[in-house]
Amino acid sequence: MNKSAEEPVAEERNDAAAGKSKDTKQNQERTETPLEALASISTVLVVGLFVMSFIFQNFEIPSASMEKTLLIGDHVVVDRATLAPQTKWAPFVHYRPVQRGDIIVFLKPNPETPDLILVKRAIGLPGDRIHLRKGIVYLNGVAQNEPYAGMPTNDGVYEHGYIPYRDDFPSDVAGISEQAINNHASLWAVELPSHIQGDDLVVPPGTVFAMGDNRTESLDGRYWGFVPQENIMGRPLFVYWSFKTPADQEDKTSMGDRIGFVFHVMLHIFDGTRWNRTLHVIR
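For the sequence shown, counting from 1, position 159 maps to 159 in the UniProt record's numbering; every step adds exactly one.
Each hint should be verified, as a subset may be incorrect.
[Stated by the list, open to error] Listed below are the simulated DSSO-like cross-link pairs for lysine-lysine, each with C-alpha atoms no more than 27 Å apart in a straight line:
no., residue 1, residue 2
1, Lys-134, Lys-68
2, Lys-134, Lys-252
3, Lys-244, Lys-68
[As the list claims (entries may be wrong)] Pairwise CB distance ranges, derived in the manner of DEER restraints:
no., residue 1, residue 2, range
4, Glu-159, Leu-116, 33 to 43 Å
5, Asp-257, His-94, 33 to 43 Å
6, Ser-171, Glu-112, 21 to 31 Å
7, Asp-155, Lys-244, 15 to 25 Å
8, Pro-204, Phe-261, 36 to 46 Å
9, Pro-126, Ile-269, 40 to 50 Å
10, His-264, Asp-115, 41 to 51 Å
11, Gly-101, Pro-228, 17 to 27 Å
12, His-94, Glu-250, 32 to 42 Å
13, Glu-112, Asn-145, 30 to 40 Å
14, Phe-261, Ser-194, 26 to 36 Å
15, Gly-101, Trp-275, 39 to 49 Å
16, Val-202, Ala-247, 26 to 36 Å
17, Phe-238, Leu-116, 43 to 53 Å
Since the hints were derived computationally from the structure, they do not count as laboratory data.
Values in this document were obtained by computation on a predicted structure and should not be read as measured data.
Backbone N, C-alpha and C define an ideal beta-carbon position, used for all residues, glycine too.
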């Protein structure tokens, strides 16, 4: 009788011990070791760096060469995958060649100014014949309708007025060559005549001819030549932040000027931000 009375108690003890062992095991499974935590953080960082290095990148517009499409102080997200050369290791990424009218981010092609990143609009593709008359682009003999392009005007500012070597490109080879040399692109001054047929500039294979939308203030392909396909880094998608920035800010390169502008941004973050341009899609 005593034995039979003690058996349920023993079973209950065994069940409790088993439950305790199960809970302890679950707690051990839920507890992450420092090494595991470090591995998780490293994975997130690696994925983030991959995305920011090879898929998306941020870029700040430093000059007025693309107004009104892009303003000085626009901070944009650049798609680095779509226009990149296709690779076998990433078949899931959508690739396509540059199209006329694409806005592209690229490394300036001339070796005199290495690592200089520019943003312009692709005007001509390989084989295209291009010339300008009074600022109007003629592509393969047809005048282009470009509502986004800033044309010469008579507003009293010399740079905004009609300038033959710039607005009748490439008719004045000597004039544009002189400007190319002044723009640290002396090789283009030598190369330019070899790409002219009749009145037209002919885009060679493997390159793109690009110009800024603000044609009277843009130091573009007219002054330094064609953009090799391998120099193209991507295309801007949208503005994620825009801050009112002085036109001469890019020329202020001293440490004091940079620190001063950082404090200026901090003080005027609300009234200096162009809120209406947040998430503005770039076309």
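Cross-check of the supplied hints:
1. Lys-134 x Lys-68: Holds, at about 20 Å.
2. Lys-134 x Lys-252: violated, 34 Å
3. Lys-244 x Lys-68: Between Lys-244 and Lys-68 the Cα gap is close to 14 Å, so the pair holds against 27 Å.
4. Glu-159 x Leu-116: 33 to 43 Å: violated, 21 Å
5. Asp-257 x His-94: 33 to 43 Å: Since Asp-257 and His-94 have Cβ atoms about 41 Å apart, the given range 33 to 43 Å holds.
6. Ser-171 x Glu-112: 21 to 31 Å: At roughly 25 Å between Cβ atoms, Glu-112 and Ser-171 fall inside 21 to 31 Å, so the hint holds.
7. Asp-155 x Lys-244: 15 to 25 Å: This hint holds: roughly 22 Å between Cβ atoms.
8. Pro-204 x Phe-261: 36 to 46 Å: Holds: the Cβ-Cβ distance is about 41 Å, inside 36 to 46 Å.
9. Pro-126 x Ile-269: 40 to 50 Å: Given a distance of about 45 Å, which is inside 40 to 50 Å, the answer is holds.
10. His-264 x Asp-115: 41 to 51 Å: Cβ of His-264 to Cβ of Asp-115: about 27 Å, so the range 41 to 51 Å is violated.
11. Gly-101 x Pro-228: 17 to 27 Å: holds, 19 Å
12. His-94 x Glu-250: 32 to 42 Å: Since His-94 and Glu-250 have Cβ atoms about 33 Å apart, the given range 32 to 42 Å holds.
13. Glu-112 x Asn-145: 30 to 40 Å: holds, 35 Å
14. Phe-261 x Ser-194: 26 to 36 Å: Since Phe-261 and Ser-194 have Cβ atoms about 43 Å apart, the given range 26 to 36 Å is violated.
15. Gly-101 x Trp-275: 39 to 49 Å: violated, 28 Å
16. Val-202 x Ala-247: 26 to 36 Å: holds, 35 Å
17. Phe-238 x Leu-116: 43 to 53 Å: violated, 24 Å
Checked against the numbered hints above, the structure breaks hints 2, 4, 10, 14, 15 and 17 and satisfies the rest.
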